[in-house]
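Here is what each chain is made of, one letter per residue.
There are 2 protein chains.
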Amino acid sequence: MSDLWSELEQRFPGIVTRDRAELMEYGRDFTRVHAPDPSALALPRTTEDVSAILAFCNEHGLPVVPSGGRTGLSGGAVAAKGELVLSLARMRRMDPVDTVGNTVRVQAGAITEAVHAHCEPHGLTWPVDFASKGSSQVGGNIATNAGGVKVIRYGLTRQWVLGLQVVLANGQVLELGGALEKNNTGADLRQLFIGSEGTLGVITEATLKLSRRPGKLDVFLFAVDDLAAVLHLFREVKQTPYLISAYEFFTQPCLERLTRHRAVRPPFGTPSPFYVLLELEGAPSTDALEPWLSSLFERGLVTDGTLAQHSSEAAALWQLREGISESLSATGLPHKNDVALPIASLESFCAEFERVFTARYPGLEICLFGHIGDGNLHVNVMKPDAVSKEEFLRDAKKRDLDLFAVVRAHRGSISAEHGIGLLKKDYLHFTRSPEEMALLRGIKGVFDPKGILNPGKVID
Amino acid sequence: MSDLWSELEQRFPGIVTRDRAELMEYGRDFTRVHAPDPSALALPRTTEDVSAILAFCNEHGLPVVPSGGRTGLSGGAVAAKGELVLSLARMRRMDPVDTVGNTVRVQAGAITEAVHAHCEPHGLTWPVDFASKGSSQVGGNIATNAGGVKVIRYGLTRQWVLGLQVVLANGQVLELGGALEKNNTGADLRQLFIGSEGTLGVITEATLKLSRRPGKLDVFLFAVDDLAAVLHLFREVKQTPYLISAYEFFTQPCLERLTRHRAVRPPFGTPSPFYVLLELEGAPSTDALEPWLSSLFERGLVTDGTLAQHSSEAAALWQLREGISESLSATGLPHKNDVALPIASLESFCAEFERVFTARYPGLEICLFGHIGDGNLHVNVMKPDAVSKEEFLRDAKKRDLDLFAVVRAHRGSISAEHGIGLLKKDYLHFTRSPEEMALLRGIKGVFDPKGILNPGKVID
Chain A
1 MSDLWSELEQ
11 RFPGIVTRDR
21 AELMEYGRDF
31 TRVHAPDPSA
41 LALPRTTEDV
51 SAILAFCNEH
61 GLPVVPSGGR
71 TGLSGGAVAA
81 KGELVLSLAR
91 MRRMDPVDTV
101 GNTVRVQAGA
111 ITEAVHAHCE
121 PHGLTWPVDF
131 ASKGSSQVGG
141 NIATNAGGVK
151 VIRYGLTRQW
161 VLGLQVVLAN
171 GQVLELGGAL
181 EKNNTGADLR
191 QLFIGSEGTL
201 GVITEATLKL
211 SRRPGKLDVF
221 LFAVDDLAAV
231 LHLFREVKQT
241 PYLISAYEFF
251 TQPCLERLTR
261 HRAVRPPFGT
271 PSPFYVLLEL
281 EGAPSTDALE
291 PWLSSLFERG
301 LVTDGTLAQH
311 SSEAAALWQL
321 REGISESLSA
331 TGLPHKNDVA
341 LPIASLESFC
351 AEFERVFTAR
361 YPGLEICLFG
371 HIGDGNLHVN
381 VMKPDAVSKE
391 EFLRDAKKRD
401 LDLFAVVRAH
411 RGSISAEHGI
421 GLLKKDYLHF
431 TRSPEEMALL
441 RGIKGVFDPK
451 GILNPGKVID
Chain B
1 MSDLWSELEQ
11 RFPGIVTRDR
21 AELMEYGRDF
31 TRVHAPDPSA
41 LALPRTTEDV
51 SAILAFCNEH
61 GLPVVPSGGR
71 TGLSGGAVAA
81 KGELVLSLAR
91 MRRMDPVDTV
101 GNTVRVQAGA
111 ITEAVHAHCE
121 PHGLTWPVDF
131 ASKGSSQVGG
141 NIATNAGGVK
151 VIRYGLTRQW
161 VLGLQVVLAN
171 GQVLELGGAL
181 EKNNTGADLR
191 QLFIGSEGTL
201 GVITEATLKL
211 SRRPGKLDVF
221 LFAVDDLAAV
231 LHLFREVKQT
241 PYLISAYEFF
251 TQPCLERLTR
261 HRAVRPPFGT
271 PSPFYVLLEL
281 EGAPSTDALE
291 PWLSSLFERG
301 LVTDGTLAQH
311 SSEAAALWQL
321 REGISESLSA
331 TGLPHKNDVA
341 LPIASLESFC
351 AEFERVFTAR
361 YPGLEICLFG
371 HIGDGNLHVN
381 VMKPDAVSKE
391 EFLRDAKKRD
401 LDLFAVVRAH
411 RGSISAEHGI
421 GLLKKDYLHF
431 TRSPEEMALL
441 RGIKGVFDPK
451 GILNPGKVID
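Going down the list, the protein sequences come from chains A and B. Just so it is clear: in the first sequence, position 66 is 66 by UniProt numbering, and no numbers are missing. Just so it is clear: in the second sequence, position 213 is 213 by UniProt numbering, and no numbers are missing.
Don't take each hint at face value.
Negatives, chain A to chain B, calculated, CB over 10 Å [claimed, not checked]: (1) Gly-155; (2) His-371; (3) Glu-436.
Straight-line distance between alpha carbons at most 27 Å, and here's what the computed DSS-like set of lysine-lysine pairs gives [claimed, not checked]: (4) B/Lys-150 with A/Lys-238; (5) A/Lys-209 with B/Lys-238; (6) A/Lys-238 with B/Lys-450; (7) B/Lys-238 with A/Lys-216; (8) B/Lys-216 with B/Lys-133; (9) A/Lys-150 with B/Lys-238; (10) B/Lys-216 with A/Lys-238; (11) A/Lys-209 with B/Lys-150; (12) A/Lys-150 with B/Lys-209; (13) B/Lys-150 with A/Lys-216; (14) A/Lys-150 with B/Lys-216; (15) B/Lys-150 with A/Lys-150; (16) A/Lys-389 with A/Lys-81; (17) A/Lys-238 with B/Lys-238; (18) A/Lys-150 with A/Lys-133; (19) A/Lys-336 with A/Lys-81; (20) A/Lys-216 with B/Lys-216; (21) B/Lys-450 with A/Lys-450; (22) A/Lys-209 with B/Lys-450; (23) B/Lys-150 with B/Lys-216; (24) B/Lys-150 with B/Lys-450.
By construction, these hints were calculated from the structure, which means they are not laboratory data. Fair warning: this is a prediction, and the values are worked out from it, not measured in the lab. For every residue, glycine included, the Cβ atom is placed at its ideal position computed from N, Cα and C.
Just need the whole structure built from these sequences, with the hints factored in.
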């Protein structure tokens, strides 16, 4: 096979490299569980390059890992088994913004934040927004159907993709959908590529649907006593005439680690078991929201609360929520999970999860936060000081099985937005039935009969 | 095969019938091109019934046409070749509305309007809305990814489906998604069933995502000189701080037939080549919109315009748009097409379409209307009095080829929302490439290897 890699390198000079340092860098994503070990790296400039490279790999059965900004959290872009990393990083072209249809066509390697900047002068945005937007790429966002903090307002990435250009394993180029809002001409193949983590084809270009940039946003932080109060407040917020652009929550253990790690003061005088960050769009003025805030106090719906009076206060409140992930890693070793539940089942899920974990794993520190308005919980179990890293990670697998059993019992998903990749593959059966997995394998066989695209990811 | 139909009837007493009158009724949809000729009709009460019936048909290779409210316009639910019609009409259960997660689970046979009524007391709605909502069913809406007049505000049916229960051709029952907003666990199989017109499986239940009922709506009617002005006005409307809940257009020939058919007065003193119906959501009061309306006159963006002052005026304006389809059929014989274009290409498309048709088919009356804010045009060619019906329909096929060639040249779709079914099957290649069609066939083979589900629809 070594000869084939050499041949590939010779056929695509300046595009394919086997430089060791580059391979180590491009062979991994944000996860650090698997050591990178790719055989080669390709940095194509055009769709034609991608097509020619894939045709060569398909002919010779060479495995390929499609690669974006490598900000994924489930190992979907890790090349640990001698694959070719096919990076879209050089394909960053952005066409002029179409201000009639509110669309823009970009190459897959365009950086999320660059797309935002490209659209901003026209009063438009691509409302896919999350912490790693400075390095994540459009193609990777689409291939993983990325979520984030604004899903409650705008939905997942899936909703903001009009057209896709995709290269199949055999090098065939598909143009799917273009700039069309409507196209009911049989099964919609775009939808299969969105969220399939590079196992069915390589996304090379996309026509993105754009949204008007939001108007004035108002940010609240609330303290409440329990999860029931978080959900009760959610129902209350839905009665306002405004748009909910974020409804996030976190618990006191998250806040404690954040204040320990950063120069941040607790938001309220008294600690509270639960905190809610609410962002509303469309209020005529911040003052106009004060009576509503007062009424929440009066009716006992919150134990404390604050409404940001200007943008720096709003940013400070957001920092309490967005800083959590980094602070958990900076102050300890978290074992992360990203689960989704039907919103109506969140309370019973959390009660049973607490019961099971308190009984089986007493004394564990659990940091719970996330996009609760979408039913999405980030469950972080922190390593106790007295336990070694090895023991902690070994036990984590056992605990995951318990967590996922509770998730399944409540008809939830073991991966809300992070995907399956390598890290969750062994647990896929908690969310997908044997019949579904058989269909997924059948579809894989149709799109990639030789199985060269991201082998071993999502499903075997 | 006759013995098999008898056996099916005996195995499912009270569910399967071969009554001729019933077969004629259930064997057709809103199209009248193909004569119905089903062999049997099944009216299952439960998912288990559907599963058992499909398992029997799959074992014996009996063809099955899944059937909803039969309001389709492309023959997707027509049983013209001795099939079993599998109607979901008896499966109308609606579970209690989940007011925490804003979802409701219903059986596929629930009528669209009944779902609206079921959700209304909770201030919620399933925002899938079109003229045939009084008889269309949820399962059929999903299987065809139905559109309508509110797509610009809410998107297609696809956006309002959280979970699906689907029975495969072999009788296997899939539960996909449930009440989850987020579930990134590999390719999303739900998306394949949405819009696949009953060729991949039979939808038996769905968990619907609900929206808050809209607030105050304001309806305008405008007169403008040409399509460029329609699109210029569209850009202007997008600058207002309000939500666009409809942006529809029609031409003078549409209005002439409407006023001839119904007791309706023209909206303005002088006829105009183009009319735009605009519905806005979120204005604090109707009065608050008057200055904006005046500014449109002052800046010459419209030649005439009116703003409904109360709900009966708004309904009267809507009638001008919604009555068109019926008035065309009542005053003549229209040959209908339902095409979509990138919004940015609408003007050049219409110019070329007019050029081609004026040159090749001079004197034809063409009634153009539709959801122009979605790039969706309903193109209706009216039969001239001097031409026989037979000649007109024969020539229609030739004209369709010319129309679709212009659609293709502008990267449009030959079916925006009506689907492919039987009527557009021969033209599918104008929108889908040979590579795509090969993938569609491959997927069909995975889901329905014996090809019993809606054979001959969409693709062979």
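Taking the hints in turn, this is what the structure says about them:
The non-interface label for A/Gly-155 is inconsistent with chain B: the shortest C-beta to C-beta separation is roughly 7 Å, within 10 Å. Taking the minimum C-beta to C-beta distance to chain B, about 8 Å, the non-interface status of A/His-371 is violated against the 10 Å cut. The beta carbon of A/Glu-436 sits about 6 Å from the closest Cβ of chain B, which is not more than 10 Å, so the claim that it is off the interface is violated. With a CA separation close to 22 Å, the supplied pair B/Lys-150 and A/Lys-238 stays within the 27 Å bound.
Restraint check for A/Lys-209 and B/Lys-238: satisfied, since their Cα atoms lie roughly 15 Å apart, inside the 27 Å limit. A C-alpha spacing of about 48 Å is found between A/Lys-238 and B/Lys-450, which places the hinted pair above 27 Å, so the restraint is violated. Only pairs whose Cα atoms come within 27 Å are accepted, and B/Lys-238 paired with A/Lys-216 is accepted, the gap being roughly 17 Å. Only pairs whose Cα atoms come within 27 Å are accepted, and B/Lys-216 paired with B/Lys-133 is accepted, the gap being roughly 22 Å.
A C-alpha spacing of about 22 Å is found between A/Lys-150 and B/Lys-238, which places the hinted pair at or below 27 Å, so the restraint holds. The straight-line distance between the Cα atoms of B/Lys-216 and A/Lys-238 is roughly 17 Å, inside the 27 Å bound, and the hint therefore holds. Of the supplied pair hints, the one linking A/Lys-209 and B/Lys-150 holds, its CA atoms being roughly 17 Å apart against a limit of 27 Å. The straight-line distance between the Cα atoms of A/Lys-150 and B/Lys-209 is roughly 17 Å, inside the 27 Å bound, and the hint therefore holds.
About 25 Å separates the Cα atoms of B/Lys-150 and A/Lys-216, which keeps this hinted pair within 27 Å; it holds. For the suggested pair A/Lys-150 and B/Lys-216, the alpha carbons sit about 25 Å apart, so the restraint of at most 27 Å is met. The suggested pairing of B/Lys-150 with A/Lys-150 holds, with an alpha-carbon distance near 23 Å, which does not exceed 27 Å. Between A/Lys-389 and A/Lys-81 the CA atoms are separated by roughly 25 Å; this keeps the pair inside 27 Å, and the hint holds.
Distance hint between A/Lys-238 and B/Lys-238 is fulfilled; the C-alpha atoms sit about 25 Å from each other, no more than 27 Å. Restraint check for A/Lys-150 and A/Lys-133: the C-alpha separation of about 13 Å stays at or below 27 Å, so the hint holds. About 24 Å separates the Cα atoms of A/Lys-336 and A/Lys-81, which keeps this hinted pair within 27 Å; it holds. The suggested pairing of A/Lys-216 with B/Lys-216 holds, with an alpha-carbon distance near 21 Å, which does not exceed 27 Å.
In summary, the hint linking B/Lys-450 to A/Lys-450 is supported, as the alpha carbons are separated by about 24 Å, within the 27 Å threshold. Taken as a hint, the A/Lys-209 and B/Lys-450 pair is broken in the structure, with Cα atoms around 38 Å apart against an allowance of 27 Å. Taking the CA atoms of B/Lys-150 and B/Lys-216, the gap is about 15 Å. The hint holds against a cut of 27 Å. Straight-line distance between C-alpha atoms of B/Lys-150 and B/Lys-450 comes to about 38 Å, which puts the hinted pair past the 27 Å bound.
In summary, the structure is inconsistent with hints 1, 2, 3, 6, 22 and 24 from the numbered list given earlier, while agreeing with the others.
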